[in-house]
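Trainee: What follows is each chain in one-letter form.
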Amino acid sequence: MRIELTREQMEHQEKFREFVTDEIAEGAGQFDREEKIPGEVIKKISEKGYLGSMISREYGGMGWDSITIGLLNEEFGKACSSVRSILTVHGMVALAIQRWGSDEQKDYWLPRMAKGEVIGAFGLTEPQVGSDAKSVETTAIKADGKYILNGTKKWITMGQIADLFLIFAQCEGKVTAFLVPRDAPGLMIKPLGGLVGMRASMTAELKMEDCSIDEVNIIGKIGTGLSHVALSSLDYGRYTVACGCIGIAQACLEQSIRYSRERIQFGQPIRKYQSIQKMITEMVVNTEAARLLCQKAGYLRDIGDPDSIMQVWTAKYFASIMVNKVANDAVQIHGANGCSREYPIERYMRDARIAEIIEGTTQMHEILISSNAFRNY
Amino acid sequence: MEEDKIKIRKFLSRFFRKRELQDDEDIFSLGFVNSLFAMQLVMFIEKEFGIHVDNTDMDLKNFSSINSINQLIQGKRVA
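Chains as they are written, first to last, in the working numbering: chain A, 1 to 377; chain B, 1 to 79.
By construction, these hints were calculated from the structure, which means they are not laboratory data. There could be a bad hint or two in this list.
Straight-line distance between alpha carbons at most 27 Å, and here's what the computed BS3-like set of lysine-lysine pairs gives [said to hold, decoys possible]: (1) LYS47(B) / LYS221(A); (2) LYS106(A) / LYS76(B); (3) LYS47(B) / LYS296(A); (4) LYS61(B) / LYS106(A); (5) LYS142(A) / LYS61(B); (6) LYS106(A) / LYS47(B); (7) LYS36(A) / LYS15(A).
Since the structure is predicted, the reported quantities are computational estimates derived from the model, not experimental observations.
I would like the entire structure built from these sequences, with the hints used as guidance.
Mentor: The following block contains the structure:
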C-alpha cells in the first residue's frame, strides 16, 4: 500500500494553490460581505477548466481522478467556501447527466458545462423537505410531450446564477429527476440572503408554477431520481464538501500557528503556552485524519468500489465535525481578533457550520453509518 | 454463468446476512436494504463484471433478483 500523491497530482495541487492565491483568497472577505461572487472570478475558474474537472475528456472536461478533484476542493476551500461550493453543485448536475443522461443530453449539456458556459445547480431541498428526500412535494405531470412541474425548491446553492437546474419531483408517485433550464416558462427565481456561512454561495428559492419542460428533459427513468440520480450526485457532493472542510481546517491551522508566533502575552509568544500547543496539536492531527479519510474515499471512488459510498459518508461525517472544532479553536487562539472581520477566522467558523448541514446532516450520517456497522459486524 | 451467480450471491449476502437468498427472490421486497443499496449494487456489477450500467438499464426489474441481475450481465456481455 502506498499513500502518496503522484507527481501529476502534486503538479495540479501547486497550480490550484497559485490560482487560488492569485484570484480568490484576497477577495474572499469581500465576497462574504457582499454575498456575491463576481462574474469575472467565475469566468477565470471556467477558463482554467475547473468547472469541467469532474467531466470526462470525451465531453471537453478535464477527466481528473477523484484525488485530484479532492485537492482542487481542498485548495478552493482553504480560500473561500462559497466559491468552492460552485464546484460541488455544478459537478452534481454534470455528473448526473454524464452518469444517467441520454446521449443527446450528454452531447448537448456536458461540453457547455465543461466550458462554464452553462452553470448547474442541484434542486432537491424544499421548504418542508430536507433530509426526508423521498417526501419531496414538487410534482411533475406528463402532458402533450411536456412535463409540467409545480412546487418550490429552497436553499439552492448558486441558484441565483445557474443556467440549468436538476430538479427532483414526484412523477406517478415516484421521485424522478428532471433538467430544468433557467428560461423554462413558469420558473421563478428569488435570491436568498442572510445565511450564517457560505454567504456568497448565491442561494435561491425556485418557484415552479406550471413550469413546462420538454419530455426529453427527464434524467434516467421515472422512480430512479433518488435511488440512482441523486445518490450518485450526492456521493460526489459529499466528497467535495469533505475535501473543502480539510481546506478550511488547514487555513485555520496555518493562521493559528502564525498568530501564536506573533501574539505576545505575559512577555512571550502565546505559542509557548501548553493550552495553545494542545489546540494546535489537535488541529494538526484531526486535519490529517480527515485528509486520510478523504484520500481513501477518493481512491475507492476511482477504482469503482461499492464500499466507496460508505467511505465518503465516513469522511464527510468526520471532516465536517472536525472542521467545526478546528475553527472554534482557531477563534479561541485569536481571541477578540478571531471574532472580528479584520481576520478571516470568523468567516471560517461560520462557513464550517454549514458543512454539517449540507449534503446530509451529521445526524443522517449517524443513522447510515451506524446501520451499516450493525449490518456488517 | 453459475460462477457469476455465486459472486452476486456473495455480494448480496452482505445485506441479507440472516437469509439464504433464492435465485428468483425479489430482494427489494424483503425490506433489508437502505437507500444506498441501489448504487452499491450498480457499482458492484460494473466493477466485478467489467460492464457499464447506463440509463437504458435503469429498470428495477433488472436488479430485483439474483436471476435478473445475472440476465442483465449476460445480456450486456452479448451486446
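Trainee: Each hint: holds or not?
Mentor: Against the structure, the hints come out as follows:
Note on LYS47(B) and LYS221(A): the hinted pairing holds, with a Cα-Cα distance of about 23 Å set against a maximum of 27 Å. Proposed proximity of LYS106(A) and LYS76(B) is supported: the alpha carbons are some 21 Å apart, at most 27 Å. Between LYS47(B) and LYS296(A) the alpha-carbon distance is near 17 Å, which keeps this suggested pair within the 27 Å criterion. Using a Cα cut-off of 27 Å, the hinted pair LYS61(B) and LYS106(A) holds, with the two alpha carbons roughly 25 Å apart.
A threshold of 27 Å between alpha carbons decides the hint, and for LYS142(A) with LYS61(B) the separation of about 23 Å falls inside it, so the pair holds. Of the pairs offered as hints, the one joining LYS106(A) and LYS47(B) holds, with about 23 Å between alpha carbons and a cut-off of 27 Å not exceeded. Of the supplied pair hints, the one linking LYS36(A) and LYS15(A) holds, its CA atoms being roughly 25 Å apart against a limit of 27 Å.
Violated hints: none; the structure is consistent with every hint.
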